[in-house]
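S.K.: One-letter residues, chain by chain:
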Amino acid sequence: VSRTDLHETLSAVADAVVVPPPDRLGVERRVRRARRRRAVGGALVAAAVVAAAVLAWPRGEAPAPVSPVGGESVPVVVGGELGLVSPGGSLERTGLRLQRVVGVGKDGVVGIGPDGDLVEAQVGDDGLGEVRTLADGPVRDAAASTYGSAVAWVDEDRTLHLPGATETGFRGDLLATDGDDWLVWRDGRVVLERPKSGRQSVLLSGERAVSAAILGPFVALGEADGRRLSVDADTGEVLSVHRGPVGALGFWWTDGATYVVAAEGGARTLWRCAPGCREVYRDPTGTLTIPGQE
Amino acid sequence: VTAPTFAEFMAARWAPLYRTAYLLTGGPHEAEELLQSALAKTCQRWESLRDKGAADAYVRRAMTHELTSRWRRPRREVTTDEVPDRGHDGGLALRADHLALWAEVRRLPPRMRATVVLRYFEDLTEAQPAQELGCSIGSVKSQTHHALRRLRAALPDLELL
Numbered sequence: 001v002s003r004t005d006l007h008e009t010l011s012a013v014a015d016a017v018v019v020p021p022p023d024r025l026g027v028e029r030r031v032r033r034a035r036r037r038r039a040v041g042g043a044l045v046a047a048a049v050v051a052a053a054v055l056a057w058p059r060g061e062a063p064a065p066v067s068p069v070g071g072e073s074v075p076v077v078v079g080g081e082l083g084l085v086s087p088g089g090s091l092e093r094t095g096l097r098l099q100r101v102v103g104v105g106k107d108g109v110v111g112i113g114p115d116g117d118l119v120e121a122q123v124g125d126d127g128l129g130e131v132r133t134l135a136d137g138p139v140r141d142a143a144a145s146t147y148g149s150a151v152a153w154v155d156e157d158r159t160l161h162l163p164g165a166t167e168t169g170f171r172g173d174l175l176a177t178d179g180d181d182w183l184v185w186r187d188g189r190v191v192l193e194r195p196k197s198g199r200q201s202v203l204l205s206g207e208r209a210v211s212a213a214i215l216g217p218f219v220a221l222g223e224a225d226g227r228r229l230s231v232d233a234d235t236g237e238v239l240s241v242h243r244g245p246v247g248a249l250g251f252w253w254t255d256g257a258t259y260v261v262a263a264e265g266g267a268r269t270l271w272r273c274a275p276g277c278r279e280v281y282r283d284p285t286g287t288l289t290i291p292g293q294e
Numbered sequence: 001v002t003a004p005t006f007a008e009f010m011a012a013r014w015a016p017l018y019r020t021a022y023l024l025t026g027g028p029h030e031a032e033e034l035l036q037s038a039l040a041k042t043c044q045r046w047e048s049l050r051d052k053g054a055a056d057a058y059v060r061r062a063m064t065h066e067l068t069s070r071w072r073r074p075r076r077e078v079t080t081d082e083v084p085d086r087g088h089d090g091g092l093a094l095r096a097d098h099l100a101l102w103a104e105v106r107r108l109p110p111r112m113r114a115t116v117v118l119r120y121f122e123d124l125t126e127a128q129p130a131q132e133l134g135c136s137i138g139s140v141k142s143q144t145h146h147a148l149r150r151l152r153a154a155l156p157d158l159e160l161l
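One line per chain: the protein sequences are A and B, in this order.
Under my numbering, the letters of the first sequence match residues 1 to 294, in that order.
Under my numbering, the letters of the second sequence match residues 1 to 161, in that order.
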């Protein structure tokens, strides 16, 4: 396929298209609607679905105590669509198609769109989703920091993109980042990479880990048996362990709690653990995923 | 020379802009909706557009932005006896080789498809699509590179007649 082939084909298609007459009324209708919206004070007031500002210093579950933060919604993907699970346990669908949700960014929910593009989605008052592209072209993998201040992704050429830096020849699955360092699943282990600070990589005891996060000086690991581990980022020493729902498929760490998705028969359940776990939502379709979950 | 009114502009440029919209969306209804939306935005800014000769670019920019930055709430499904899909050619009378390549272009992600259309249908330089898509020239190069790689992988033996 050459550039000439493309030019020739696109021109042939354009020539073959039957052009309808100009729909002046249709355009005028849209102009009137837009002016009405402006007149009442607001085209679309886009609001970040989850306020990233709520996420203060992530203390994790250990060794520091957890302070529960109420009022937060959990971004999820159910049936290929972005939804929000409220603290009360109801699911609000947004209509936005996503392959998976990566995390919460500065202005909205970061996810991988239907075409593999990395996007950040807001939800407006009228239910439409304003979406901006964070990375051109399909991405292989992506992660957002717990604070929402940094997003990292791996492109199709296996280049890892971090704020202000790139690393070529990336190998493994990207699990998490804090903007400077990142966690990667490689050769059956979770590895903490820290080239920016010049510190050595740390091999972590994460053979059974399904999710991970960098929480300041700690690394959090979530395992399939429901255990949540706090690990010293410098030594790899396990500092504390909490139990949770078995059959865990994914973990998402926020300031106030850790959310866990578990498989239960053909269904999936979403749990809020702080540090004790309670079920907040049951997804009968068995497709629910949370940030960071494949 | 008096500057054209918006109505004059729309009457004169509807057909070529519709063709571009069709290439961007791949379907007649989506193309018309996209073009109407972009023209409505242009109409609202018409008086402030100093260079009316650049209005085509403004409409294209509105179309590509709309296409790549917003997903609409899925429409409710309506049961019908008619089959709406007129086949993968979209009802167009095209040669088989053109049809095969067009089918693959339609499968490209929106931003990538927009880059291909602007570069190889509108014959814009690398800098112009970058301006219209609101991205860097490097992004245009990258999108074009990935698009060509995908198309070549999908149609390794394609040779136009």
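These aren't lab readings, by the way, just hints derived from the structure by calculation.
Do not rely on the hints blindly, as some may be mistaken.
Claimed, not checked - Quick list of simulated restraints, FRET-style, between CB atoms:
#	chain 1	residue 1	chain 2	residue 2	range
1	A	R33	B	D51	22 to 30 Å
2	A	R282	B	A153	37 to 45 Å
3	B	E47	A	S197	49 to 57 Å
4	A	S240	B	E30	18 to 26 Å
5	B	A153	A	R24	38 to 46 Å
6	B	G53	A	T4	50 to 58 Å
7	B	G134	A	G236	39 to 47 Å
8	B	L158	A	S197	35 to 43 Å
9	B	L158	A	A263	41 to 49 Å
10	B	A153	A	T4	46 to 54 Å
11	A	R132	B	R45	49 to 57 Å
12	A	S201	B	R50	54 to 62 Å
13	A	V19	B	A153	55 to 63 Å
14	A	P217	B	S136	31 to 39 Å
To be verified - No farther apart than 30 Å at their CA atoms in a straight line, the calculated lysine-lysine pairs in the DSBU-like style are these:
#	chain 1	residue 1	chain 2	residue 2
15	A	K106	A	K196
16	B	K52	A	K196
17	B	K52	B	K141
18	B	K141	A	K106
Just so it is clear, CB atoms sit at the ideal spot from N, CA and C, and this is done for glycine as well.
S.K.: All the hints need checking, so say for each whether the structure fits it.
M.R.: So, going through the hints one by one against the coordinates:
For R33(A) and D51(B), the Cβ-Cβ distance of about 27 Å falls inside the hinted range of 22 to 30 Å, so the restraint holds. In this structure, R282(A) and A153(B) meet the distance hint of 37 to 45 Å, their C-beta atoms being roughly 42 Å apart. Range check, E47(B) to S197(A): about 54 Å between beta-carbon atoms, so the 49 to 57 Å window is met. One distance hint, 18 to 26 Å for the beta-carbon pair S240(A) and E30(B), is violated here, with the actual separation near 54 Å.
As the Cβ distance of A153(B) to R24(A) is approximately 43 Å, the hint placing it in 38 to 46 Å holds. Against the hinted window of 50 to 58 Å, the Cβ-Cβ separation of G53(B) and T4(A) comes to about 28 Å, which falls outside the hint. Judged by the Cβ atoms, the range 39 to 47 Å given for G134(B) and G236(A) holds: they are separated by roughly 44 Å. The hinted window of 35 to 43 Å between L158(B) and S197(A) is violated, with their beta carbons roughly 49 Å apart.
Evaluation of the 41 to 49 Å hint for L158(B) and A263(A) yields a pass: the beta carbon distance comes to about 44 Å. In this structure the hint that A153(B) and T4(A) lie 46 to 54 Å apart at CB is violated, the actual value being about 19 Å. Hint check: R132(A) to R45(B), Cβ distance near 21 Å, so the stated range 49 to 57 Å is violated. Between S201(A) and R50(B), the C-beta spacing of about 56 Å keeps the proposed range 54 to 62 Å intact.
Separated by about 33 Å at the C-beta atoms, V19(A) and A153(B) break the suggested range of 55 to 63 Å. At about 36 Å, the beta-carbon gap between P217(A) and S136(B) stays in the expected band of 31 to 39 Å. Proximity of K106(A) to K196(A) is assessed by CA-CA distance (about 23 Å); at most 30 Å being required, the pair is judged to hold. For the given pair, K52(B) sits about 50 Å from K196(A) by alpha-carbon distance, which is inconsistent with the 30 Å threshold.
A hinted pair counts as satisfied when its Cα atoms are at most 30 Å apart, and K52(B) with K141(B) qualifies at roughly 29 Å. This hinted pair checks out: K141(B) and K106(A) have alpha carbons roughly 28 Å apart, not beyond 30 Å.
In summary, the structure is inconsistent with hints 4, 6, 8, 10, 11, 13 and 16 from the numbered list given earlier, while agreeing with the others.
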